[in-house]
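J.: Here is how the chains run, residue by residue.
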Amino acid sequence: MHAGAAGATVRNARILSGLVLLAFVACHLTNLILGLKSLATMEAARPWLMGPWRTGPGITLLAGAAIVHLLLGLYAIASRRSLTLSKTDVVQLALGLLTPPLLLNHAVVMHTAGEVTPGFDATFGQMLAVYWSFTPRYAFQQILVVMVVWMHACVGLYSWLVLKPVWRRIGGLVLPLLFAIPILALLGFAEAGKEVLGKLAGDPEWNAHIRENLTKVVRVTSQLDAFQARILLTYGALLALAVAILAWRVLSSRNSHVTVAYDGNLSASGRRGLSILELSLLNDVPHAHVCSGRGRCGTCRVRIDAGAAQLSPIEGQERQTLERVGAHTGERLACQARVLGATVSVTRLLPAFADASAARAPQEWTAEAPAPVAEGTP
Amino acid sequence: MAGWWVGALAGAKARLEALGADLAQSPAESLQILETTRSSLMTGTGVRGFTYFMILLFVGIAVEWLYWTYAYSPLRAAQSAPVGSPFEALRAGVRRAVLQGAGLLLFTAAVIGVSAAFTWPAGMHPLVIQAALFLLALRASWIAVSVVLAPGRPQRQLVPADPARTRSLAWTAMAALALVALGHFIPAILQGATGALHAGSVTRFASFTLATLILFVAAFAYFGRRGRMVAPASGAARAPIFPRSFVLAVLVVAVYIAWLMSPSASVLAAVVAVVIALEVGLRDIVYFYWRDDGTGALPAIALSLARFVVALAGIGAAALALDTPIATFAESVSPWARIGLRLLGVAVLALLAHGVWIAVRSVVDQRLAAIGPIDPHEPPDASSRLLTLLPLLRLCAAVLLLALLVLSSLWALGIEITPLLAGAGVLGIALGFGAQALVRDVIAGIFYLADDAFRVGEYIEGGGNTKGTVERITLRSVALRHHNGPLHFVPYGALGSVRNTSRDWVIDKFNLPLPIDIESEKIRKMIKKIGEEMKSESAIGQHILEPLKGKLYQINPGVKVFRCKFRCPPGKQFDIRAAALKRIEAALKEMGVRFADGVSTVVLKG
Chain A
1407 MHAGAAGATV RNARILSGLV LLAFVACHLT NLILGLKSLA TMEAARPWLM GPWRTGPGIT
1467 LLAGAAIVHL LLGLYAIASR RSLTLSKTDV VQLALGLLTP PLLLNHAVVM HTAGEVTPGF
1527 DATFGQMLAV YWSFTPRYAF QQILVVMVVW MHACVGLYSW LVLKPVWRRI GGLVLPLLFA
1587 IPILALLGFA EAGKEVLGKL AGDPEWNAHI RENLTKVVRV TSQLDAFQAR ILLTYGALLA
1647 LAVAILAWRV LSSRNSHVTV AYDGNLSASG RRGLSILELS LLNDVPHAHV CSGRGRCGTC
1707 RVRIDAGAAQ LSPIEGQERQ TLERVGAHTG ERLACQARVL GATVSVTRLL PAFADASAAR
1767 APQEWTAEAP APVAEGTP
Chain B
106 MAGWWVGALA GAKARLEALG ADLAQSPAES LQILETTRSS LMTGTGVRGF TYFMILLFVG
166 IAVEWLYWTY AYSPLRAAQS APVGSPFEAL RAGVRRAVLQ GAGLLLFTAA VIGVSAAFTW
226 PAGMHPLVIQ AALFLLALRA SWIAVSVVLA PGRPQRQLVP ADPARTRSLA WTAMAALALV
286 ALGHFIPAIL QGATGALHAG SVTRFASFTL ATLILFVAAF AYFGRRGRMV APASGAARAP
346 IFPRSFVLAV LVVAVYIAWL MSPSASVLAA VVAVVIALEV GLRDIVYFYW RDDGTGALPA
406 IALSLARFVV ALAGIGAAAL ALDTPIATFA ESVSPWARIG LRLLGVAVLA LLAHGVWIAV
466 RSVVDQRLAA IGPIDPHEPP DASSRLLTLL PLLRLCAAVL LLALLVLSSL WALGIEITPL
526 LAGAGVLGIA LGFGAQALVR DVIAGIFYLA DDAFRVGEYI EGGGNTKGTV ERITLRSVAL
586 RHHNGPLHFV PYGALGSVRN TSRDWVIDKF NLPLPIDIES EKIRKMIKKI GEEMKSESAI
646 GQHILEPLKG KLYQINPGVK VFRCKFRCPP GKQFDIRAAA LKRIEAALKE MGVRFADGVS
706 TVVLKG
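First to last, the protein sequences are chains A and B. This note's numbering applies: residue 1407 is where the first sequence begins, and numbers increase by one. This note's numbering applies: residue 106 is where the second sequence begins, and numbers increase by one.
Don't read these hints as lab results, they were simulated from the structure. Where is the CB? At the ideal position from N, CA and C, for every residue including glycine. Do not take every clue at face value.
Stated by the list, open to error - Cβ pair distances, simulated, as ranges:
1) B:Phe413 <-> A:Ser1492: 37 to 45 Å
2) B:Leu457 <-> A:Thr1753: 36 to 44 Å
3) A:Glu1618 <-> B:Pro132: 37 to 45 Å
4) B:Gly206 <-> A:Asp1690: 18 to 26 Å
Work out the full structure, taking the sequences as your base and the hints as a guide.
T.: Right, dumping it as structure tokens:
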């Protein structure tokens, strides 16, 4: 039961760290896109696109963001109160959990190998030669990881940006870009791969250089593997802990029942401590929730007709969102208001099919709401 | 015939033996496949193919994502709008299926379309398309299952099923469909990728066998021993006729055996099985939509229509499965094919006739049920004639339909029916002349009925010299009891204009001759007073609609004639008149006025 301010910090930290990681992946993929032209172009652009991330501050920022994002993800699992998830949340969670094991190998080789084996230069040519010729197994892993990481990033970025008014202006640009980058990057990967294969066959000197370079890494493979195993073990333990906490939270409160009565003679029941939205979703009550219960969109808001005192008090994020959407007193966000008493009666204020436009322009969706007074007008 | 069976069984045996050989060889081959797959995938070529495949996935997801940014809100609306009636559920379900299906089609079209842009490693392009089609089959199955069964949302179910079991039913159906899709696509992919015939064949055998087992068990688990899944809520429950679980299980096994014997026949067998299963369950499904009130004519008509559509769709699917265009089939010289096609035509005619018959019958039955049984202790009214007429109408419709059906079936079979029609025409004319009067009577009777000209117990006067109380109404005539006793049987054709004296009210008038020297105004007031007295008396007053009044009507030599009148229900005027005269006589006696005597003054001109 974190305080509102802490909740907002967590959310901001998640978005910021995610954006940092997205920026890195976008740089990396953009560099791959240049493979459509030639391997040399890729290498030429590497200092500009990848270089900054290999400097001290760059590494710190990147590693920090990765650790923060990962831990926040696990924290999000642990702090769930129920297993009700929207479809996008399921996708997002699965993709996010898959990322570390899939990506670890690449990250460790690229970063650590350079440090433990002096003289190893992890150029694009080197790595592409490994992927396309020496151990194609890693190529499959990498291609898969592009899909996993990028879809995770897409879903995250989209569900954050689509709620903002600015989406109307940039949406038409961002969405195509979000898909153009990985498609072009994979095309670049394929083209550069062809080039590397040709070069391996036609340039014995380069071939020998690559092979020699590779032996340096092979020598430290056992070391790298042990390091990876430790990280994976830690990750597994943390994940198990998060799941255990979730299981405990779900099971410990399973005997206490509360009910919520809705407009239209609907009702829902479930465990004490769940939010109204979670109770709706558990009981198949149609209820809008564009941001999947993060308290950002305001589409789940309800008017409390009875039992307002039996709900958890309004906290920072909820107050902020309620103010933004121009809610009246007696209205709450169903995703934030947890039911602590026995019965609550509410009226859903938005139709269940409300979409992100209801978050961007709330006044267009509530018929009886008074026209919002624009700031600065007399 | 026997030869055919021997051939079919020999083929089945050969197939089973081949399958056994496949089973024996598959373990070694599977290892080999793994090795081949590894060695062929773990090369630059394999990486290229996989990269292109991922690009295709990205393209597909991008297109579908774009689609859902527009279509998600309508989908949510279709999923969450309150559903009041089964038809609203149907509408919402169709909307949902269309929206989701459009997204799926876009995804598949994008993947397959863009796949043409790449130069694939040898032999990989067909595999990618197979994989895309496999995904299409899986997702389409899920859309169909989730829309039709609506697991967890009993209001949105499109077929009758126990709401508590729709979730498990959906998963079972999905598992069977996925296994069938697996058995269809994976062997093709395996064979294309590695040339592994045996392993593909074993995969197909295993998945089809598993699907059959699942469906077999599901038939008993979900349809049970009773004839139906859920008893309808209204009184439309019918006694179980035949255990459906058994029918379904037999169908499943039959399709499986057909597949074992010859794969090409199995599609046809599957189509036939689905048609039979649907026809068996169609009554429940159609009445599910009228579960609140299944008594009207509409569900019966809808059921008939649905049977018709299912049969037609089955014929179409069978034609597709056999890859036989109907047109070439019709032109084929084989007499069997022609006879088959003509029998098909007869079947279509029979279905049409059945539909019309259901419509007529249900309208008539509904009307009869509305009238209800006649109470023998009550005097019969207008509906009694309807009770006579409606079954006759139904019978006429049945005979007519049957005659039409027989004639058109003969025509469809290619038998010349012109002589038959001519013969029937001559006979019809002869009968028509003879039965002219009878027909006129019956038809005139229908119109008397429609006009509600008379009912049993009413006193009527016909156009001729017939009058009396209606005692009996039959198809051809009405029996009138004359007030003197004789009973007239009047055919409707001879009844003519009817004067019904028993309707609503009558006005009764009588004259009162008084001496010429009395004061008219005094008499008028006296009569009026008597009228008001009578009206206020409960015994007689309740029958008086307008009280008695009288006024000077005529002055004859020596006599003043007063005309009195009152209004009352038919048949009461005689009693009321007698009572009125009695009172008037008493009142006149009290006033000392005598009635005008019969003395007439004769003035002689001298």
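J.: Among all the numbered hints in the text so far, which are the ones the structure does not match?
T.: 2
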